[in-house]
Amino acid sequence: MRKDRPLIYLLARNAAGIAAAFLLLLTALVVSEQRRNHVLLLEADAVLTTMREQVKSLPDDEAALKVVRDLDYLYRDGYFSNERRLHLGIGLGSSALLILAVCAVAMTLSAPVELKRPADDSKERLLQLRRLQLATAASVALLLCLGLLAWRATHQNAATAVGDAMGEVGGGSDSGTVAGLVASPTIAVPAAPPLALPAALAAGAGHWPGFRGSLVPNANRLPPHFRLQQVWASKVPLAGFNSPVVWGDRIFVSGADRRERAIFCFSLADGALLWRASTGAPAVVPEVTADTGYAAPTMAVDGQRAYAVFATGQVLCTDHEGAVLWERSLPEPKILYGYASSLLLAGPDLIVQYDMEEEQTLYCLDVTTGKDRWATPWQAASSWSSPVLLADEQRQVIFVASNRKAGGFDLASGRLLWENPGMGGEVACSAVAADSTFYFANSGALAAAFAADSGEILWRNDNVPMPDVASPVVAAGVMYLFTSGGSVITLDAKNGEELYEENFDNGFYSSPVLVDGRIVAVNMDGLLLVVEPSRDSFKAVGRYEIGKKVLATPAFAQQRLIIRSMDNELVCLEAANDP
Amino acid sequence: MIVFAQMRFPRPDFENYIEPAMNLETQVADGMYLRLAVLSILLLFTGLAAYRWRSRRVLLLLSALSLLLLGFVFSACPCPVGMYQNVLAGWFTDYPLTLGVLLLFALPLAVALYYGRLFCMGGCPLGAMQELLHFKTLQVPLWLDRIGRQLALALLLIGGVTAASGGGFHLCHGDPYFVIFSFGVSWTHLAVAGAMILLGVFVCRPYCRYMCPYGVLLRVCALAAPRKIAITGGDCISCRLCEQSCPNGAIVAPEPLKATESPEQGRRRLGWLLALAPYVIILCAWAGYSLAEPLCAVHHDVKLLQSLDGNLRSDATVAFASSGRPLSELRDSVAQQRRRMRIGLTISGAIVGLAMMLELMALSRRRSPGRTYAVDAGLCVACGRCYDVCPVEHMTVKLRKACPPTAKSDA
Numbered sequence: 001m002r003k004d005r006p007l008i009y010l011l012a013r014n015a016a017g018i019a020a021a022f023l024l025l026l027t028a029l030v031v032s033e034q035r036r037n038h039v040l041l042l043e044a045d046a047v048l049t050t051m052r053e054q055v056k057s058l059p060d061d062e063a064a065l066k067v068v069r070d071l072d073y074l075y076r077d078g079y080f081s082n083e084r085r086l087h088l089g090i091g092l093g094s095s096a097l098l099i100l101a102v103c104a105v106a107m108t109l110s111a112p113v114e115l116k117r118p119a120d121d122s123k124e125r126l127l128q129l130r131r132l133q134l135a136t137a138a139s140v141a142l143l144l145c146l147g148l149l150a151w152r153a154t155h156q157n158a159a160t161a162v163g164d165a166m167g168e169v170g171g172g173s174d175s176g177t178v179a180g181l182v183a184s185p186t187i188a189v190p191a192a193p194p195l196a197l198p199a200a201l202a203a204g205a206g207h208w209p210g211f212r213g214s215l216v217p218n219a220n221r222l223p224p225h226f227r228l229q230q231v232w233a234s235k236v237p238l239a240g241f242n243s244p245v246v247w248g249d250r251i252f253v254s255g256a257d258r259r260e261r262a263i264f265c266f267s268l269a270d271g272a273l274l275w276r277a278s279t280g281a282p283a284v285v286p287e288v289t290a291d292t293g294y295a296a297p298t299m300a301v302d303g304q305r306a307y308a309v310f311a312t313g314q315v316l317c318t319d320h321e322g323a324v325l326w327e328r329s330l331p332e333p334k335i336l337y338g339y340a341s342s343l344l345l346a347g348p349d350l351i352v353q354y355d356m357e358e359e360q361t362l363y364c365l366d367v368t369t370g371k372d373r374w375a376t377p378w379q380a381a382s383s384w385s386s387p388v389l390l391a392d393e394q395r396q397v398i399f400v401a402s403n404r405k406a407g408g409f410d411l412a413s414g415r416l417l418w419e420n421p422g423m424g425g426e427v428a429c430s431a432v433a434a435d436s437t438f439y440f441a442n443s444g445a446l447a448a449a450f451a452a453d454s455g456e457i458l459w460r461n462d463n464v465p466m467p468d469v470a471s472p473v474v475a476a477g478v479m480y481l482f483t484s485g486g487s488v489i490t491l492d493a494k495n496g497e498e499l500y501e502e503n504f505d506n507g508f509y510s511s512p513v514l515v516d517g518r519i520v521a522v523n524m525d526g527l528l529l530v531v532e533p534s535r536d537s538f539k540a541v542g543r544y545e546i547g548k549k550v551l552a553t554p555a556f557a558q559q560r561l562i563i564r565s566m567d568n569e570l571v572c573l574e575a576a577n578d579p
Numbered sequence: 001m002i003v004f005a006q007m008r009f010p011r012p013d014f015e016n017y018i019e020p021a022m023n024l025e026t027q028v029a030d031g032m033y034l035r036l037a038v039l040s041i042l043l044l045f046t047g048l049a050a051y052r053w054r055s056r057r058v059l060l061l062l063s064a065l066s067l068l069l070l071g072f073v074f075s076a077c078p079c080p081v082g083m084y085q086n087v088l089a090g091w092f093t094d095y096p097l098t099l100g101v102l103l104l105f106a107l108p109l110a111v112a113l114y115y116g117r118l119f120c121m122g123g124c125p126l127g128a129m130q131e132l133l134h135f136k137t138l139q140v141p142l143w144l145d146r147i148g149r150q151l152a153l154a155l156l157l158i159g160g161v162t163a164a165s166g167g168g169f170h171l172c173h174g175d176p177y178f179v180i181f182s183f184g185v186s187w188t189h190l191a192v193a194g195a196m197i198l199l200g201v202f203v204c205r206p207y208c209r210y211m212c213p214y215g216v217l218l219r220v221c222a223l224a225a226p227r228k229i230a231i232t233g234g235d236c237i238s239c240r241l242c243e244q245s246c247p248n249g250a251i252v253a254p255e256p257l258k259a260t261e262s263p264e265q266g267r268r269r270l271g272w273l274l275a276l277a278p279y280v281i282i283l284c285a286w287a288g289y290s291l292a293e294p295l296c297a298v299h300h301d302v303k304l305l306q307s308l309d310g311n312l313r314s315d316a317t318v319a320f321a322s323s324g325r326p327l328s329e330l331r332d333s334v335a336q337q338r339r340r341m342r343i344g345l346t347i348s349g350a351i352v353g354l355a356m357m358l359e360l361m362a363l364s365r366r367r368s369p370g371r372t373y374a375v376d377a378g379l380c381v382a383c384g385r386c387y388d389v390c391p392v393e394h395m396t397v398k399l400r401k402a403c404p405p406t407a408k409s410d411a
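Residue numbers (this note's numbering), protein chains in the order written: chain F, 1 to 579; chain G, 1 to 411.
It is possible that some hints are incorrect.
In the DSBU-like style, the derived pairs of lysine-lysine whose C-alpha atoms are separated by at most 30 Å in a straight line are [said to hold, decoys possible]: (1) F:K539 - F:K494; (2) F:K371 - F:K334; (3) F:K371 - G:K303; (4) F:K235 - F:K548; (5) F:K334 - G:K303; (6) G:K228 - G:K136.
Honestly, the hints are just simulated from the structure, not real lab data.
Whenever a hint applies, use it, and build me the whole structure from the sequences.
Set out below in structure tokens:
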């Protein structure tokens, strides 16, 4: 039969053979070259990346910059040359394929038909059927094995995750009881709708729902004469400079390090750790200083939810049992020292002051979902201060202070109502709201009273020592400034005139709080003062040595003072009646 | 990677510059309709060549033409092979499905519903590549061929479920020939393409038979077609010369006069198969359900959430952090995708189990003895090889040439 093959068939066959051989050789060459170049390019990329990072610390070194630029050029040149060669290789290969295809067509069209005599096996079909049965059984078995492996892997991963979470219970209370469960599953727990603002503020008055307490006068009572005695002390598993918040019989604090950010819930009765709930991993872990840490902002809590924000920009919301309700990542935080603005809870709205070095935004998040209700950017500067709300029948204004200016925002719409420049330094103190006025003082900026509606400065006093961390407090018409130098300055809240000064050995970082008409302040040495507001002189009606260094602001609820010490311990003092 | 674009700078203000009007949608639409037109013409001529002219040469030329036009000129993408993913994504998610894509997907199926799998020979550049580069046929044993075809069904179902749950079009990544048509720059794909072509030299159409998801749909449609390719233009004389001519195993030999097993044995086997079928279906459904979790990893959102929970930094996690999208929203999206994958793959597993049992039952079924040679419409790709070996076909052609139906005088 082969003698009968026409010439065109033979020519096409030979051409096809050459094309096929060329194609095989070309494919082998291209694949081996690309494999080699791929490895080389990866190595070069790694070296270049390292050099780029190193040269960032030498911005003025032109020689180093030139080396990096030259290397970068060589890398790019090599990369694109490789791409061009690959394109050429594929182009040549495709051409050879086309020739091969044309030859194949020619061969098929010119070749005589080859007839094949079938095998004479009448039982072939039965044999094939039996083999198909075996093959089907083997396929089903293979599918089941794959399914079993997948099922085991899935369940092992789930068990490992829970085990890791359970295994990280640490730092139990001194009382030895760790009720703690950890890592609540991320389940959206249905909750009742949040209260409107007036009802929420009223409800919060009986607790300690945020930084420096409730937005309306706190309803917790302090006996006229009392003595403080320590009830319990519990270690918080992760460090943080945020102050405790309290709702009912639960204390909430947050803690974080580079690896983990979590909310911790302690029992007010005995300090037992009830649960902890962690965030997911952030995309970026920024660098922070040791005296700010990753959990400087104080939490907020209402009757259903607890909220925390961390230096990674993550906002976490849980219910009171530790179930994560939602989590939100704000844009990458870029601020010197680390993010420190505490949360402001205003009924159904969670206010987050996010003033970074390059962008400044005031966020209003829906407490049920974490989504933006509004987000107002403004042209200010960095800030470590926290927003303050003045809410009455006429207005709901949020006061925000930053390094360059102060601003007033409308709570309902987020609109920037007014701005007032004149700030300066590094603003870490927060204002206090009273009598339709915001009172503010920060070292390097000013001590002033701002009209809530217009931002007009009603008075200012630049001639007194001012705090740089502790926020002021206003009581009985007197503005108290507790400074980090140890001075307590009092100003007339109406006109800003200095009234008197008291000095202590050590300074105040912790912000004073108003409890039942009296001021409670703690200095860095752990000296707790209870001060009766007065225009005439400094009247400390109570002193207590906590015995630990304190930077965070105390919380007060149900006749108990909760203080977070610098060594990350929660100390609970009971204000027992002392007739 | 999710990218959020933002106009940060005003357009440059050049003097006397007129910004050209760009109508990208029209350009894309025109390309699609041109592709449709070319495909329609090719299918038309393939039908004529398969049914009227009965010429393997013409079919081969049409195949070469489809390789050139639809393969290299139009770079084979988009092509009907993977387009069912677009259709499913458009149906179950908010993926925008255009009319052109829908027509391109439906046209070969519509033709197959009446005329069989003409697309495989005259409209598919992948099939053409394999057809033209097949030189030496090694017959795949029947049992291996039937089991191998279940792989195509599995790929169809997995690709479909993934697309319908918003996981993207991953089946296209598995197309070994795409790197050739698109002059791609992936050397790994090139190596796979080379291996596939080499395999195709000896095994006819390996991708079409064992990996092509669209072929499964075409097979189902072709089974319902009223018109079927006939091996012979006249009456079959059972000379058996065509038995080994089809490299695709599409020729069905008649039952031997003397049965190789007793009817009772056959009935018993069929009974066993029927009894086992529900268990096989349930087990395969469970296997599909179990495989859903690892297969979820192809979803972008699932991978992103795993990176976030695993504290891994990547471009995607950085982009997510900057987007301001709530994590709870991501978790909800992932939960929904997982749910869809579980349901879809459970059903897919059951379908694969059912298909395997039906294949077994079909082979177990004994037809009436003495039937002539016929073509399995679901497997026949209209290559025309059987025309050349059939002596009755040759006689019929000679007779037609000698005595044409209408006499024409040639000058």
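- Task: List in ascending order the numbers of the hints, as given earlier, that are violated by the structure.
- Result: Structure breaks no hint.
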